[in-house]
Amino acid sequence: RKEVEQDPGPFNVPEGATVAFNCTYSNSASQSFFWYRQDCRKEPKLLMSVYSSGNEDGRFTAQLNRASQYISLLIRDSKLSDSATYLCVVDPNDYKLSFGAGTTVTVRA
Amino acid sequence: SQTIHQWPATLVQPVGSPLSLECTVEGTSNPNLYWYRQAAGRGLQLLFYSVGIGQISSEVPQNLSASRPQDRQFILSSKKLLLSDSGFYLCAWSVSKKSRADTQYFGPGTRLTVL
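One line per chain: the protein sequences are A and B, in this order.
Under my numbering, think of the first position of the first sequence as 1, with each following residue one higher.
Under my numbering, think of the first position of the second sequence as 110, with each following residue one higher.
Simulated from the structure, these hints should not be mistaken for lab results.
Computed from a predicted model, the values in this text were never measured in an experiment.
There's no promise every hint is true.
Across the chosen pairs, the derived CB separations fall in these ranges [as the list claims (entries may be wrong)]:
#1 B/Glu168 with A/Gly16: 36 to 44 Å
#2 A/Ser68 with B/Lys189: 42 to 50 Å
#3 A/Gln69 with B/Pro178: 35 to 43 Å
#4 A/Leu74 with B/Trp116: 32 to 40 Å
#5 B/Pro178 with A/Ala20: 41 to 49 Å
#6 A/Gln31 with B/Lys188: 36 to 44 Å
#7 A/Ala20 with B/Glu168: 16 to 24 Å
#8 B/Gln111 with A/Asp94: 17 to 25 Å
#9 A/Glu5 with B/Leu192: 26 to 34 Å
#10 B/Gln111 with A/Ser53: 24 to 32 Å
#11 A/Ser52 with B/Ser205: 29 to 37 Å
#12 A/Ser52 with B/Thr222: 42 to 50 Å
#13 B/Ala118 with A/Ser52: 33 to 41 Å
Don't be surprised by glycine CBs; every beta carbon is placed ideally from N, CA and C.
Chain A with its partners taken away, still in its complex shape (with noise of 0.2 Å):
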């Protein structure tokens, strides 16, 4: 089992619509989250961390689940500039980060 897995997608949404996935992790003993940005061709960029309260940043919305061991990501209002693989990350508590795959997001005008 991967420790961290994400649904590839492509999420395909028009402008100013809202689109939310998931990430799950099988390490129950892991301790921060993360969600990356990466951009066609270009390195992953941190987009927030995850909080256990959750978090907002502008039109980013991310919660964690604990008991369910999953990470969830909403972006309001879409832009075509949110078009991007996201990538979830999951510190499983060592000195290493487990990235998943990534989850494409394809915003349309």
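Put chain B on the given structure of chain A with help from the hints.
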């Protein structure tokens, strides 16, 4: 502020040739350093990580090696490249924490094509 550099940005090499990719970090001391590979359309594969000078942990057996000759320098090498070594190589750094990972920050990557 911290910055991370990688070079070259792109590289085309013949099968069997050697490889040396370099990564340097500025603006921080004693970072954890990481090498990843991303094959086309795939997720990130951790190749090596280092928590200090001369300390290298290998994640995947392969014909690659890594070295950390200085605190903020991380080098990925190969003596003989294989076709399967093609991919997007990413270096990353994080703040050093005992037994824990932290947010990782990536360099711009090197796109390697082995022909």
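How the hints compare with the structure:
1. B/Glu168 with A/Gly16: 36 to 44 Å: Since the Cβ atoms of B/Glu168 and A/Gly16 sit about 42 Å apart, the hinted range of 36 to 44 Å holds.
2. A/Ser68 with B/Lys189: 42 to 50 Å: 47 Å, holds
3. A/Gln69 with B/Pro178: 35 to 43 Å: 40 Å, holds
4. A/Leu74 with B/Trp116: 32 to 40 Å: Since A/Leu74 and B/Trp116 have Cβ atoms about 38 Å apart, the given range 32 to 40 Å holds.
5. B/Pro178 with A/Ala20: 41 to 49 Å: 46 Å, holds
6. A/Gln31 with B/Lys188: 36 to 44 Å: Cβ of A/Gln31 to Cβ of B/Lys188: about 38 Å, so the range 36 to 44 Å holds.
7. A/Ala20 with B/Glu168: 16 to 24 Å: 32 Å, violated
8. B/Gln111 with A/Asp94: 17 to 25 Å: 23 Å, holds
9. A/Glu5 with B/Leu192: 26 to 34 Å: 29 Å, holds
10. B/Gln111 with A/Ser53: 24 to 32 Å: This hint holds: roughly 28 Å between Cβ atoms.
11. A/Ser52 with B/Ser205: 29 to 37 Å: 24 Å, violated
12. A/Ser52 with B/Thr222: 42 to 50 Å: Since the Cβ atoms of A/Ser52 and B/Thr222 sit about 43 Å apart, the hinted range of 42 to 50 Å holds.
13. B/Ala118 with A/Ser52: 33 to 41 Å: For B/Ala118 and A/Ser52 the Cβ distance comes to about 39 Å; the hint holds.
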